[in-house]
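With the sequences and hints as input, model every part of the structure.
Residue numbers (our numbering), protein chains in the order written: chain V, 1 to 123; chain S, 1001 to 1409.
Just so you know, the hints here were simulated from the structure itself, not pulled from any lab data. A few of these clues could be false.
[Stated by the list, open to error] So the derived label-pair ranges between C-beta atoms look like this: (1) Lys1315(S) x Thr96(V): 55 to 61 Å; (2) Thr70(V) x Gly1085(S): 50 to 56 Å; (3) Gln72(V) x Glu1031(S): 45 to 51 Å; (4) Gln1323(S) x Ser27(V): 52 to 58 Å.
[As the list claims (entries may be wrong)] A short, non-exhaustive set of chain S residues, derived as facing chain V with CB atoms under 7 Å: (5) Met1011; (6) Met1092; (7) Val1096; (8) Thr1097; (9) Ser1245; (10) Arg1249; (11) Leu1367.
[Stated by the list, open to error] Listed next, the in silico DSSO-like pairs over lysine-lysine satisfying Cα-Cα at most 27 Å (straight line): (12) Lys1121(S) x Lys1196(S); (13) Lys109(V) x Lys1020(S); (14) Lys20(V) x Lys1020(S).
We put the beta carbon where it would ideally sit given N, CA and C, even for glycine.
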Amino acid sequence: MAKTELMVCKSGELKDGDRKIIPNGKSEIGVYRVKGKLYAYQNLCGHQGGPACEGLLMAKVEEVIAPDKTYQGMRFNHNEMHIVCPWHGWEYDLETGHMVADRKFRLRKYDVVEKGDAVYVLV
Amino acid sequence: MELPTSDIHKMTVEEFDTAKLLINAARQRDERKYHQFPIIDIDCHHYENESMAEIVQFIEDPVIRHTGLVYSGKGTGAQTPLLPGVVGYQDMAGRVTRYPLRKTERTPADGKHRDVHLSLKWMDAMGVDYACLFPTPMLLLGLHPQAEVEVAMSRAYNRWLIEKIMADEPRIKTMLYLPFNDPEATYKMVKDFGDKKGVCGFMVVSTRYKPVHDNAYMKTYRLIEEMGKPLSFHASYNWNDQMLSNTNRFLVAHALGFTFFNVVHCANWIVNALPERFPKLKVVWIESGLAWIPWLMQRLDNDYKMRSSEAPGLKKLPSEYMQDMFYTNQPMEMPSDMSVLECTFKMIKAETQLLWCSDYPHWDMDLPSVIYDLPFLDEKAKRNILGENSRKLFDIDVSARYPNYKPMT
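Written out as structure tokens, the structure reads:
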């Protein structure tokens, strides 16, 4: 079945680092522009149904382990951004929508395109 | 309000509204038709520290009241000496956004207390009819080195809750905080406030170092048994505990800490045969999840069979006493293999002994759907766990919201 284009906003209204939540039937879709790339996910956490896309966008936290296997602290990896559900903190990889602690779970992903001067989600 | 993130991009929230945050909970409520049966939340919270200026007015001891007035007012730059500080960050450094945003939420200026408005908002969103409200920072008061401060604060809090919150709102109940570090004051608390409107039971915060089998508590247990109201033990954590201080992540301090103290108290309660001494006293274990119960049942049964001479007061297996007790689900473990959870439900006789609770607004809260969506429960079991078991146990009158209510048979 052909997908419908759902307009998100004018391109200029979704700047880099921005997020828009748009209604889609009985749910919503969260649309992100991060480092120039567009992403769209259903605003529904696979845990208890929280509004995942309304939470923070956080860089992945990594441990720093030295060659001698000693712990040296933690750091942010800004190459892997996470959508954090505000209800309980479940984290999803922005790139794939997979829940990072248990990849059985994932956010429903939507195709998103920029045409002319507007951003559209395909539903 | 701007929320800090790990990135250069900040997140700005114009307005925080609990009803909006919980819109997906409201959708679940409507899809599952929760309006058809009562839902009772037997463990939820508010942030009483935000009303501390009001609460300290109720402190009876003039010197402690003066201290409370100073530190709940402009302060001195030091931390309040009336609440012990414990390291921990349940909000995950702001990731659970309702923590930093809560203070910005607007409530109507209609004379009703802000905490009543905030409570009813999340209750309505989830489909909760009645809720048992507990404090938050005061859950660490059992660790205060001055027993008299626990007594003063808990008496003030209970009076404030009775007069300023529950008097205004019949959907909000409580189990009275008991200052357990002082057995005489605990007894007096039950005597003085046990029959007040909205008081449906009594609550001991488990996080403390007092054995529940101490003879000093027996007259209080007898009094509570005579009153016919339940006694609950509510978990919290102490990262400074000698054992837990060996852990370096809050995840572990929380996962173990919230079970740890209830495990010890429950074991003591049983091997000292308190269920035989107080056969009509209903005991509830709150906020330790469920996975610890089958573990403790098996551990105690196994040792008891070999060492029954150390627990001569028992007339049946420890696990059989534990099946007579009541438990709350939250934070309910959701194993990948659901047969594990099903087995736990069977071992604790969940259909009659399990009481749903949300623990809202805390970070690991559970919605009613954690019970309602379980594939191995029938409709009657779901309704029992979500409301009927608590209605019976706490004798909660639901007629205002369900005039023709009859439990499912």
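Among all the numbered hints in the text so far, which are the ones the structure does not match?
Numbers 2, 4, 9 and 10, in rising order.
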